[in-house]
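Colleague: Here's the letter readout for the chains.
Protein chains: 4
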Amino acid sequence: MDVNEKYFSNITSRERAIFEGGISMGALFHQFVGTPVNIKTKEGLERTIEESFKLQPAIEDVEVKINLNDNTGFDYISLSGDMLDVRIHTVVDDVKAIIRIEYIEELNYPLMYVEEI
Amino acid sequence: MDVNEKYFSNITSRERAIFEGGISMGALFHQFVGTPVNIKTKEGLERTIEESFKLQPAIEDVEVKINLNDNTGFDYISLSGDMLDVRIHTVVDDVKAIIRIEYIEELNYPLMYVEEI
Amino acid sequence: MDVNEKYFSNITSRERAIFEGGISMGALFHQFVGTPVNIKTKEGLERTIEESFKLQPAIEDVEVKINLNDNTGFDYISLSGDMLDVRIHTVVDDVKAIIRIEYIEELNYPLMYVEEI
Amino acid sequence: MDVNEKYFSNITSRERAIFEGGISMGALFHQFVGTPVNIKTKEGLERTIEESFKLQPAIEDVEVKINLNDNTGFDYISLSGDMLDVRIHTVVDDVKAIIRIEYIEELNYPLMYVEEI
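Protein chains in written order, with the numbering used here: chain A, 14 to 130; chain B, 14 to 130; chain C, 14 to 130; chain D, 14 to 130.
No wet-lab data here; the hints were simulated from the structure. It is possible that some hints are incorrect.
If several chains are the same, the list does not tell them apart, and a pair holds so long as it fits within one copy or across any two.
[What the hints assert, rightly or not] Pairs of lysine to aspartate or glutamate residues, derived as DMTMM-like cross-links and limited to a Cα-Cα distance of at most 20 Å, are as follows:
hint, residue 1, residue 2
1, Lys55, Glu118
2, Lys67, Asp88
3, Lys55, Glu76
4, Lys53, Asp74
5, Lys53, Glu76
The whole structure should be built from the sequences, with the hints applied where relevant.
Modeller: Here it is in structure tokens:
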């Protein structure tokens with residue numbers, strides 16, 4: 014069976030680049046929120062999130078930055094969505110997209126959007 | 014700040030309907046996989062997954078079916094992706110989309126795709 | 014195989030009541046943190062968390078209360094550990110225990126402890 | 014406030030070593046089940062799980078082994094409980110415990126138990 018023909022012929026390459034990036038961003042957030050983290054484990058966790066989600070369909074690259082700034086008084090904290098600054102790079106045929114999550118001060122929550130396409 | 018104008022003017026309504034549905038489908042999978050479930054708690058869990066993800070942006074409706082068929086010998090099992098049959102209905106302006114996950118026999122894994130748009 | 018004899022003969026009933034409650038409390042926290050929730054879905058989510066974790070070994074009852082007090086300005090928020098007030102009742106032979114998580118003001122984090130045994 | 018005196022004086026050091034290990038084992042399972050993994054990312058994920066859960070109270074060491082044996086036909090799979098072989102070493106005062114999860118053939122599921130104390 015040709016999966017692409019059977020299940021993805023109703024959307025364009027551009028739309029699929031957006032779709033696969035959206036899936037992986039939603040997945041990444043809900044998989045890792047809650048993980049214990051501190052300044053010493055931050056980088057290892059960032060790399061593991063990147064490597065894990067690079068495995069998903071159409072994902073070319075993942076860049077993860079965890080912001081711990083305001084949490085210095087604890088031995089460790091639970092990773093929350095507000096700490097995530099992530100770019101997921103997708104590629105489908107000749108279309109590339111970057112899906113972003115970042116905490117937006119004015120909104121007071123982390124927003125997922127299409128940064129580049 | 015107009016969030017839509019600032020962060021979403023680079024994609025069409027159709028693309029955003031796909032994007033938001035993709036996010037919620039990836040999120041739903043990774044949030045609930047691992048939850049203890051059996052035949053008695055299945056319906057309550059289905060309804061809670063639906064209600065939780067209807068809260069997310071652009072989501073009009075969520076239909077969740079958990080397939081427990083092959084797991085009758087246990088008191089309970091951990092929810093896995095293979096058991097999920099889910100439709101997420103999104104609406105952005107005048108565009109409606111249905112994002113689906115279902116286990117595909119031939120692929121031997123659960124596929125996420127755009128069922129209708 | 015007698016699982017209890019083979020794997021649990023090295024601990025007392027009291028210790029196992031504490032062990033199973035600890036497992037379920039850690040599990041519950043990390044399974045559900047991140048779930049979208051608001052005032053309308055709160056009760057359904059509380060009941061589903063209770064029903065799901067009542068399935069685990071030695072769990073007699075689970076009481077879940079989600080505190081949303083400080084989050085009234087949003088359509089919904091991600092469930093965090095600070096919002097959880099949970100009692101897990103375990104029973105092993107003639108021993109009963111209650112494992113608790115609650116946010117402790119003085120500590121500024123949610124603490125898991127044995128409330129009664 | 015002395016947390017140990019206020020919240021943990023009703024259990025022995027041995028009981029607390031079991032309690033904290035149980036919490037972390039339940040937490041670890043439900044945090045990471047669902048994570049995309051393959052042979053190339055396996056080791057990084059194992060190390061990140063170890064480092065993350067070493068942060069929790071009373072945890073001295075964590076050893077994680079992910080068994081991928083039967084999943085060679087895929088680009089990647091979702092981590093499931095059956096693949097986990099984990100030892101969590103706890104220490105409270107002069108008491109040491111090892112909490113284990115491993116897949117038990119005869120039971121056909123992964124069992125959590127106290128391996129040594």
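Colleague: Which of the numbered hints are not met once you compare them with the structure shown?
Modeller: The structure breaks only hint 1.
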